[in-house]
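Peer 1: Next come the chains, spelled out residue by residue.
2 protein chains.
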Amino acid sequence: MGWMADETGLEKGPANYVPLTPLSTLRRAVSIYGPELAVVYGTHRKTYVEYAERITRLASALAARGVAPGDVVATLIPNLPAQAEAHFGVPACGAVLNTINTRLDVDTVAYILGHGGAKVVLADTQFIDLAEQAIAAQDGPAPILIEVPDEQAGFPATGRHLTYEDMLAGADPAFEWIMPDDEWESIALNYTSGTTGRPKGVVYHHRGAYLNAMGQILSWRMVLRPRYLTIVPLFHCNGWCHTWMMPMLGGRIICCRDITAPAIFSAIADEGATHFGGAPIVLNMLVNAPESERRAFDHTVEVFTAGAPPAPATLARIEPMGFNVTQVYGLTETYGPATECTWGPHWDDLQGDDRAAIKARQGVAMPIYDHITVMDDQMRQTPMDGETTGEIMMRGNGVMKGYYKNPEATAEAFKGGYFHSGDIAVQHPDSFVQITDRAKDVIISGGENISSVEVEGVLMGHPDVMLCAVVAKPDEKWGEVPCAFVELKPGAMGDAAALIAFARERLAGFKTPKQVVFGELPKTSTGKIQKFELRGKAKAL
Amino acid sequence: MGWMADETGLEKGPANYVPLTPLSTLRRAVSIYGPELAVVYGTHRKTYVEYAERITRLASALAARGVAPGDVVATLIPNLPAQAEAHFGVPACGAVLNTINTRLDVDTVAYILGHGGAKVVLADTQFIDLAEQAIAAQDGPAPILIEVPDEQAGFPATGRHLTYEDMLAGADPAFEWIMPDDEWESIALNYTSGTTGRPKGVVYHHRGAYLNAMGQILSWRMVLRPRYLTIVPLFHCNGWCHTWMMPMLGGRIICCRDITAPAIFSAIADEGATHFGGAPIVLNMLVNAPESERRAFDHTVEVFTAGAPPAPATLARIEPMGFNVTQVYGLTETYGPATECTWGPHWDDLQGDDRAAIKARQGVAMPIYDHITVMDDQMRQTPMDGETTGEIMMRGNGVMKGYYKNPEATAEAFKGGYFHSGDIAVQHPDSFVQITDRAKDVIISGGENISSVEVEGVLMGHPDVMLCAVVAKPDEKWGEVPCAFVELKPGAMGDAAALIAFARERLAGFKTPKQVVFGELPKTSTGKIQKFELRGKAKAL
Chain A
1 MGWMADETGL EKGPANYVPL TPLSTLRRAV SIYGPELAVV YGTHRKTYVE YAERITRLAS
61 ALAARGVAPG DVVATLIPNL PAQAEAHFGV PACGAVLNTI NTRLDVDTVA YILGHGGAKV
121 VLADTQFIDL AEQAIAAQDG PAPILIEVPD EQAGFPATGR HLTYEDMLAG ADPAFEWIMP
181 DDEWESIALN YTSGTTGRPK GVVYHHRGAY LNAMGQILSW RMVLRPRYLT IVPLFHCNGW
241 CHTWMMPMLG GRIICCRDIT APAIFSAIAD EGATHFGGAP IVLNMLVNAP ESERRAFDHT
301 VEVFTAGAPP APATLARIEP MGFNVTQVYG LTETYGPATE CTWGPHWDDL QGDDRAAIKA
361 RQGVAMPIYD HITVMDDQMR QTPMDGETTG EIMMRGNGVM KGYYKNPEAT AEAFKGGYFH
421 SGDIAVQHPD SFVQITDRAK DVIISGGENI SSVEVEGVLM GHPDVMLCAV VAKPDEKWGE
481 VPCAFVELKP GAMGDAAALI AFARERLAGF KTPKQVVFGE LPKTSTGKIQ KFELRGKAKA
541 L
Chain B
1 MGWMADETGL EKGPANYVPL TPLSTLRRAV SIYGPELAVV YGTHRKTYVE YAERITRLAS
61 ALAARGVAPG DVVATLIPNL PAQAEAHFGV PACGAVLNTI NTRLDVDTVA YILGHGGAKV
121 VLADTQFIDL AEQAIAAQDG PAPILIEVPD EQAGFPATGR HLTYEDMLAG ADPAFEWIMP
181 DDEWESIALN YTSGTTGRPK GVVYHHRGAY LNAMGQILSW RMVLRPRYLT IVPLFHCNGW
241 CHTWMMPMLG GRIICCRDIT APAIFSAIAD EGATHFGGAP IVLNMLVNAP ESERRAFDHT
301 VEVFTAGAPP APATLARIEP MGFNVTQVYG LTETYGPATE CTWGPHWDDL QGDDRAAIKA
361 RQGVAMPIYD HITVMDDQMR QTPMDGETTG EIMMRGNGVM KGYYKNPEAT AEAFKGGYFH
421 SGDIAVQHPD SFVQITDRAK DVIISGGENI SSVEVEGVLM GHPDVMLCAV VAKPDEKWGE
481 VPCAFVELKP GAMGDAAALI AFARERLAGF KTPKQVVFGE LPKTSTGKIQ KFELRGKAKA
541 L
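Read top to bottom, the protein sequences are chains A and B. Take the first sequence: its position 407, counted from the start at 1, is 407 in UniProt numbering, and no numbers get skipped. Take the second sequence: its position 527, counted from the start at 1, is 527 in UniProt numbering, and no numbers get skipped.
To be clear, the hints were calculated from the coordinates, so they are not data collected in a lab. We put the beta carbon where it would ideally sit given N, CA and C, even for glycine. Please note: incorrect hints may appear among the correct ones.
[What the hints assert, rightly or not] 30 Å max Cα-Cα, derived DSBU-like pairs, lysine-lysine:
#1 A:K415 x B:K489
#2 B:K415 x A:K12
#3 B:K523 x A:K12
#4 A:K523 x A:K405
#5 A:K119 x A:K46
#6 B:K489 x B:K523
#7 B:K440 x B:K537
#8 A:K12 x B:K119
#9 B:K119 x A:K119
#10 B:K489 x A:K440
[Claimed, not checked] Where chain B lies over chain A, by a calculated footprint (3+ residues, C-beta under 8 Å):
#11 137-150
#12 179-190
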């Protein structure tokens with residue numbers, strides 16, 4: 001407790017204490033990087049001055065519609081300029097941004113609107129029906145619906161609602177932003193994907209948004225003026241805080257409506273994208289893209305992948321194409337990435353499987369964390385032997401405020417002073433964490449734990465396999481046995497027996513899948529495979 | 001005020017709120033970069049694991065000697081490993097680090113020890129007499145004196161005191177660090193250089209040390225594993241927070257006892273130094289170094305210079321040598337740099353004087369600042385026209401807590417919610433700030449303000465001039481006239497008339513120095529010219 005003998009006059013004041021918030025970083029960027037491009041999307045090209053003016057107009061328009069500090073404003077928008085603007089414009093009127101996953105069903109969106117209590121919803125024309133239906137179905141007072149058309153993508157306004165551009169045109173460009181008085185004030189509300197039960201509303205604060213953004217700059221080795229391609233949806237952990245990060249560096253956001261190989265290659269070749277984040281499925285998309293969809297470029301693109309380890313085969317093919325892949329790991333509860341597989345020069349010479357084995361680790365705590373480690377069920381540190389499993393536990397300024405209107409779930413998640421991730425992992429002797437499974441994805445066969453991730457890693461090495469997921473299938477004798485669901489590469493024929501034999505050569509018998517099912521895998525909007533659905537299918541087989 | 005309708009359960013807790021402090025970054029670095037070198041100084045080469053162990057021992061040893069949280073521990077040490085260790089070891093026992101300038105006189109050191117109330121002093125053998133005499137002369141209880149010998153530099157222990165290494169050897173390597181409960185707790189006490197009157201004790205807090213370190217990483221375009229050469233004394237604004245910055249990046253500190261051209265070139269060539277900060281005098285030293293003192297290297301070294309703009313002639317010579325020079329500006333009150341002349345790609349083609357003219361600006365606010373600008377004496381924003389002068393004003397998390405035991409001076413410095421820098425500047429249309437003078441350095445001649453910096457810039461362009469300073473000389477007719485003090489390059493002959501003529505060709509008549517005096521200039525330990533001494537000399541001329 002470093003309080004000196006006499007601290008008279010050393011209290012906080014306006015000159016030396018300013019609440020941490022992404023808003024102040026944008027204000028600074030306008031004065032430094034004003035004439036430089038901040039956001040691009042096809043013909044939409046806005047400088048920092050223009051971006052900030054649009055944000056000011058958005059804040060003014062929301063306030064004029066009765067949005068008060070602490071109120072919720074929801075969005076149903078792909079990774080477009082309006083969605084980026086909402087990340088600043090909503091907090092700039094003191095409100096809390098609730099980006100909703102555009103791929104959810106009406107019932108879930110209605111639940112989120114009712115639970116969050118949104119006063120205004122900004123919805124892309126493609127999702128305007130979803131918004132209308134959800135509003136009709138929700139509990140509580142209906143929010144005002146503002147439509148965000150996207151003419152260049154073939155989504156002109158329906159004419160049924162005030163449009164976003166008309167709203168901005170009528171707003172006050174001199175509106176004074178409402179800055180937080182306390183950095184603990186809420187800035188965003190993100191509902192978990194909710195694979196079971198109702199989604200929980202994860203609340204972020206201004207301090208966390210600021211620190212997560214700043215810390216990731218360090219981890220991601222970003223210097224001034226990066227060009228960030230938005231692949232991770234901005235409705236997923238606020239796009240890992242990247243819209244909040246860009247003003248700190250005078251960076252540019254390259255918006256991307258649909259995630260396709262041609263869209264990504266053209267963002268790199270034409271717009272000079274330097275960084276993006278995405279699930280391994282995006283990496284697969286790139287390595288499997290036909291020559292006609294590819295574009296040449298001569299810089300290295302830094303790619304951050306999460307959701308599953310990048311498969312050795314994918315890594316071996318994508319790195320020579322000009323991408324440097326780093327795995328990160330986190331949850332909605334941690335504003336996106338909390339750990340990163342920080343590369344060391346001592347690994348530079350590793351190739352092939354050895355290189356992939358390192359890159360398969362989820363890694364170490366990002367700079368703003370106080371402590372991320374693996375603990376047993378008594379919250380004791382597990383041995384760092386690369387074998388003993390436990391749960392990943394996190395403590396630090398990258399952890400959410402808690403779950404909205406759910407103090408019980410918050411208390412449960414923070415039991416013992418750590419956030420309980422629910423992910424099962426080992427810790428290597430160098431402290432790097434490696435997930436063996438989600439707690440609920442572990443397969444228990446004859447009393448033995450089977451890591452579904454391990455079995456999937458083996459199957460991904462087979463040349464016919466594009467993507468796969470292994471889940472538990474109930475079994476009378478063993479309790480559970482592994483069952484594999486496989487998506488094949490174009491042109492490959494599914495041969496279950498051959499795949500099982502391939503796995504058996506590389507795995508213990510009890511870990512080898514007993515059954516293989518071919519077909520497209522169900523995925524969330526972020527490319528995560530929805531295992532709970534596959535578990536249902538496996539049960540019915 | 002972003003407080004949501006129901007914030008039950010969303011309060012701060014140990015899982016999601018950890019006070020910002022450099023201490024946690026070192027703990028994290030040990031687990032990630034443990035076996036990598038953290039500090040090197042000749043044969044002293046310590047990994048992060050070893051560095052942290054020595055720091056733990058230091059904290060334990062101090063606590064064992066009665067140093068309690070909030071107490072002050074002083075140092076009189078050059079840029080050596082023990083000084084770096086004190087930056088963590090002193091706070092790790094809850095205490096406040098008071099690094100004292102080793103070039104101060106006995107009387108001033110005695111004043112600082114008495115005013116700060118140090119319980120322990122760590123003093124390098126070269127300065128042990130100074131420490132002993134100051135302790136003998138100071139008010140209040142005498143601190144315990146620990147001697148830090150430096151045998152490799154020819155300073156073996158005197159035998160009169162317990163040595164630093166013996167103290168560490170007897171300490172507890174399992175001592176538990178005392179972490180701050182509140183990020184506003186004090187971490188360091190730095191006395192201003194005090195060109196007039198007694199020095200003031202500037203207090204830093206853990207939050208500011210953390211944020212300044214993190215923000216400078218962004219400005220300085222540092223990525224993982226930099227190698228930072230310590231030229232700026234660690235007793236000057238804690239070396240601009242660089243010991244606190246390194247663990248965030250797994251960086252290495254290269255210690256340097258004496259600042260000479262051969263020492264700098266060998267740190268670059270042999271130790272791979274990538275970054276350093278230093279006054280323009282250090283740049284002069286490098287460009288004027290004879291061939292025999294230079295070493296070849298093949299990377300670009302990032303150099304941050306402060307205290308005065310780098311002269312065009314210096315820039316033109318140093319950049320082709322492999323150094324990229326960026327000017328930064330700050331004060332003891334701002335933990336070192338607060339602004340930086342952030343380079344833009346639109347200036348890449350500028351050469352010669354045009355390039356130097358941009359690099360002569362002090363620049364824009366570093367990322368953690370809320371607002372840095374120029375205001376008139378009514379605290380109104382001055383026009384950004386590159387001509388109207390005003391005072392640089394600063395608001396943000398990079399500003400000190402205040403002056404120790406001096407609430408009046410603190411209140412005065414923070415009047416109106418901004419820190420008043422005392423520096424006079426113009427602001428260019430792109431918002432970049434450029435200092436025209438320290439308020440007290442402005443020369444007022446016949447009612448016209450003359451910027452001493454402008455006149456110095458012109459004189460520095462003369463091939464004979466190594467260094468110069470222009471001050472006011474009292475004059476019956478004009479009130480004041482400019483008087484130049486010039487340090488010549490080796491071999492150059494002083495020709496006052498020629499220099500005056502050179503200046504007259506480039507300056508208005510009233511700005512041209514009326515007198516030129518040749519000789520070595522008096523400097524502070526950080527290379528700043530002590531103008532108050534020169535003003536005295538000018539008066540006596």
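Peer 1: Looking back at the numbered hints, which does the structure fail to meet, lowest number first?
Peer 2: 1, 3, 9, 10, 11
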